[in-house]
Amino acid sequence: MHHKSRTRAHSWLSRMYLAVLCHMVIPLTMAQAQQANQPAPPGHGSFTAVHAAKGRRLTADHSKFLILKGPFKEGDGPAVTRACLTCHTKAAQQVMATSHWTWNASKDGKDGYGKATSLVNNYCISIIGGNTEGCARCHAGYGLKNKDFDFTRQESVDCLVCHDTTGDYEKEKGGWPNPAVPLAEVAQKVGAPTNRNCGVCHFFGGGGDATKHGDLDDTILKAPRLEDVHMSKQGAGMDCVDCHVSDAHQLGGPNYVIPADRREQSKFPGENLSRMSCASCHSDSPHKSYILNRHYQKVACQTCHIPAFARGTLPTNTYWDWATAGRLKNGRGYKEEDANGFETYNSIHGEMVWQRNVKPTYEWYNGNLQFLRLTDTITIPASGKVVLNPAAGSYADPNAKIWPFKFHEGSQPYDTVLNRFVAPYTSGPKGSGAFWGDWNWDVAIRMGMETAGLPYSGKYGFVKTSMLWPITHMVAPKEQALNCVECHSRNGRLANVPGFYLIGRDRGTGIDKIGIGMVLLTLLGVGIHGYIRYTNVRH
Amino acid sequence: MRRVVLYETFERLWHWAQAVMIILMMLTGFEIRGLGIHLFGFQSAVSLHNILAIALITLIVFAIFWHVTTGEWRQYIPTRKFLREMVAFYLTGIFKGAPHPVKKHRMAKLNPLQRLAYLGFKVLILPVQATTGALYYFYPNLQHAMGWSPSSLWVVAVVHVLGAFGLVAFLIGHVYLTTTGHTPLTNIKAMITGWEDIQDDAYFEES
Numbered sequence: 212m213h214h215k216s217r218t219r220a221h222s223w224l225s226r227m228y229l230a231v232l233c234h235m236v237i238p239l240t241m242a243q244a245q246q247a248n249q250p251a252p253p254g255h256g257s258f259t260a261v262h263a264a265k266g267r268r269l270t271a272d273h274s275k276f277l278i279l280k281g282p283f284k285e286g287d288g289p290a291v292t293r294a295c296l297t298c299h300t301k302a303a304q305q306v307m308a309t310s311h312w313t314w315n316a317s318k319d320g321k322d323g324y325g326k327a328t329s330l331v332n333n334y335c336i337s338i339i340g341g342n343t344e345g346c347a348r349c350h351a352g353y354g355l356k357n358k359d360f361d362f363t364r365q366e367s368v369d370c371l372v373c374h375d376t377t378g379d380y381e382k383e384k385g386g387w388p389n390p391a392v393p394l395a396e397v398a399q400k401v402g403a404p405t406n407r408n409c410g411v412c413h414f415f416g417g418g419g420d421a422t423k424h425g426d427l428d429d430t431i432l433k434a435p436r437l438e439d440v441h442m443s444k445q446g447a448g449m450d451c452v453d454c455h456v457s458d459a460h461q462l463g464g465p466n467y468v469i470p471a472d473r474r475e476q477s478k479f480p481g482e483n484l485s486r487m488s489c490a491s492c493h494s495d496s497p498h499k500s501y502i503l504n505r506h507y508q509k510v511a512c513q514t515c516h517i518p519a520f521a522r523g524t525l526p527t528n529t530y531w532d533w534a535t536a537g538r539l540k541n542g543r544g545y546k547e548e549d550a551n552g553f554e555t556y557n558s559i560h561g562e563m564v565w566q567r568n569v570k571p572t573y574e575w576y577n578g579n580l581q582f583l584r585l586t587d588t589i590t591i592p593a594s595g596k597v598v599l600n601p602a603a604g605s606y607a608d609p610n611a612k613i614w615p616f617k618f619h620e621g622s623q624p625y626d627t628v629l630n631r632f633v634a635p636y637t638s639g640p641k642g643s644g645a646f647w648g649d650w651n652w653d654v655a656i657r658m659g660m661e662t663a664g665l666p667y668s669g670k671y672g673f674v675k676t677s678m679l680w681p682i683t684h685m686v687a688p689k690e691q692a693l694n695c696v697e698c699h700s701r702n703g704r705l706a707n708v709p710g711f712y713l714i715g716r717d718r719g720t721g722i723d724k725i726g727i728g729m730v731l732l733t734l735l736g737v738g739i740h741g742y743i744r745y746t747n748v749r750h
Numbered sequence: 044m045r046r047v048v049l050y051e052t053f054e055r056l057w058h059w060a061q062a063v064m065i066i067l068m069m070l071t072g073f074e075i076r077g078l079g080i081h082l083f084g085f086q087s088a089v090s091l092h093n094i095l096a097i098a099l100i101t102l103i104v105f106a107i108f109w110h111v112t113t114g115e116w117r118q119y120i121p122t123r124k125f126l127r128e129m130v131a132f133y134l135t136g137i138f139k140g141a142p143h144p145v146k147k148h149r150m151a152k153l154n155p156l157q158r159l160a161y162l163g164f165k166v167l168i169l170p171v172q173a174t175t176g177a178l179y180y181f182y183p184n185l186q187h188a189m190g191w192s193p194s195s196l197w198v199v200a201v202v203h204v205l206g207a208f209g210l211v212a213f214l215i216g217h218v219y220l221t222t223t224g225h226t227p228l229t230n231i232k233a234m235i236t237g238w239e240d241i242q243d244d245a246y247f248e249e250s
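Just so you know, the sequences run in chain order F and W.
Positions in the first sequence are counted from 1; adding 211 to them yields the working numbering.
Positions in the second sequence are counted from 1; adding 43 to them yields the working numbering.
Quick caveat, the hints were computed from the structure, so don't treat them as lab data.
Owing to the predicted nature of the structure, the values given are computational and were not obtained by experimental measurement.
Sample of chain F residues at the chain W side, in silico, Cβ under 8 Å:
1) 695
2) 710
3) 723
Just a sample of chain F residues kept apart from chain W, beta carbon distances all over 10 Å, derived:
4) 396
5) 459
6) 552
7) 662
Glycine is no exception: its CB is placed at the ideal position from the N, C-alpha and C atoms.
Hey, can you work out the whole structure from these sequences and the hints?
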């Protein structure tokens with residue numbers, strides 16, 4: 212699964228120049244450089260070993276199948292899917308059972324978690340208030356634009372977005388293929404999903420590269436080892452699907468329903484659906500030190516091994532203040548950017564903050580984030596800040612561990628009478644009623660809630676909100692793992708994690724004063740005694 | 044006056060090894076505690092502290108064996124005899140150049156105050172430190188098995204730390220009192236070489 216290089220080849224001239232440089236001027240340094248460029252020897256976790264194994268994964272050369280030669284009409288994704296289904300007869304039904312298709316995950320036996328539901332966040336807020344068609348660019352299907360979409364139509368499943376290996380496949384609004392995509396060519400080169408297939412959507416959550424997750428962005432595709440020891444080609448060279456293993460198109464590790472790191476681990480890959488725990492590869496006692504291994508009981512691997520997120524070259528969004536959106540200059544929206552070209556203000560979003568190398572927030576977490584939805588009544592605490600998805604767990608909870616999170620703050624509109632969050636209609640042209648076209652919150656919320664089929668009192672306000680995003684990707688090499696004192700100290704990273712006595716953090720200063728006082732008194736006594744002896748001897 | 048071997052080879056090795064270990068445990072312990080010592084780094088300090096704990100307990104097991112088999116444990120039997128005189132000596136006599144009220148003997152080399160101090164050290168401070176240390180180390184396991192509160196580790200911590208400060212105070216007093224011999228270095232020399240000059244008419248024979 213080698214990625215097609217998008218960089219331009221060196222020109223003849225520069226190659227010539229390099230050749231002269233290599234052979235005549237600096238042969239010694241070049242020899243060293245060549246040595247450094249050699250691929251890692253095959254072995255555990257090496258790029259070569261992993262990829263050699265991947266070569267064996269496919270049992271068919273899809274360019275040999277006549278039906279995939281098409282021709283397919285421009286943008287006719289469903290025709291490609293029909294061709295796929297002639298052999299993979301069950302594939303569409305399998306995909307239809309997944310949240311990649313339904314955008315609706317059930318949690319604790321209840322439906323209603325996912326983009327297509329009344330789940331709410333503090334980035335783009337919600338897609339169901341009329342924004343579905345634009346957001347459906349990332350739907351694993353063709354034609355999703357509103358509630359009327361037929362979720363049972365097999366040919367609407369988009370096989371190519373996950374199985375394209377050329378990098379030429381692109382989706383547009385409604386999830387339709389870009390008409391310029393050479394569908395037959397793409398269809399004949401399908402294969403197992405690579406990081407790029409997953410990344411075209413998951414790197415861009417929240418509307419842009421690196422925006423939402425903090426530990427997922429497209430710098431991972433070319434990450435140095437320091438950024439992501441698993442995904443980097445200089446590291447293990449792994450693909451997303453090496454951990455997110457699948458069974459009949461059901462992928463392991465959806466955020467809403469699978470606790471990230473439970474005690475009941477799969478002991479070997481594939482033992483159950485999810486290979487989502489570090490322990491399924493690394494075991495639950497990977498350190499030489501007994502004490503370090505014992506941390507596993509209460510501390511997630513990620514806590515020490517992901518010292519910061521957004522460690523690539525891209526910053527992630529840490530603050531999104533919808534309350535400030537809609538300021539206009541001469542009746543038009545405008546943008547302000549920071550020194551690196553990231554928006555600190557945009558009329559369509561409000562004020563924003565972007566950060567790189569962000570220290571996570573730490574919380575007890577048993578895999579259960581308690582999401583608020585548009586249908587839930589909210590109570591605004593004294594702090595004025597509503598946590599949209601508080602993490603469940605405590606020291607006493609045997610399934611809970613201390614986990615790192617991206618803490619995302621901001622503000623968003625809510626119904627001040629019904630005390631519920633609202634789903635505004637944001638993305639649309641002037642005259643559509645969408646906020647980005649007409650800059651009127653009341654209209655945008657009214658239209659959004661009507662589309663969503665939810666009540667709106669007609670009174671809205673803004674409330675400060677925060678969200679927790681579990682950090683689990685961008686694992687650093689072991690030499691970058693946290694030092695003990697990052698947590699075992701007075702004002703360390705775990706300063707606010709409650710429920711237990713932490714050595715180095717919780718020492719009682721009163722006891723220290725008593726102890727030091729005892730020692731000082733002894734010194735004083737000894738000093739006085741010695742002084743009297745000394746002066747008496749001199750007499 | 045007679046020169047005798049007051050401290051056997053094992054006794055001296057035990058004493059000095061124990062001294063080095065306890066001082067290292069103080070340094071590592073206070074570094075872990077976060078009292079501003081930065082000698083080893085937290086992780087190495089923790090490892091060293093735990094290794095030293097095992098080593099010290101091993102040494103103490105050997106020392107107990109030695110004391111029992113040689114009968115030397117009798118040196119630590121507390122006595123009131125000359126106790127008052129010893130206290131008076133340290134409070135007043137020593138300043139006037141008065142003679143030491145208790146003469147050392149091969150079979151009674153500790154004065155009554157030393158007997159009390161060292162016995163307390165051996166049966167009180169060290170066991171308390173060893174016990175609270177073990178509780179500290181195994182607290183996660185014990186907490187889980189016994190249903191203790193995860194926050195109650197502070198009780199263990201407080202006792203262990205008070206013991207540690209007690210040891211520092213003991214060390215200061217101990218080192219100072221070694222200078223109260225015939226000359227300031229007499230006692231330390233004896234603990235290094237084993238030899239000390241003692242008088243034959245020691246109180247042990249009288250009693």
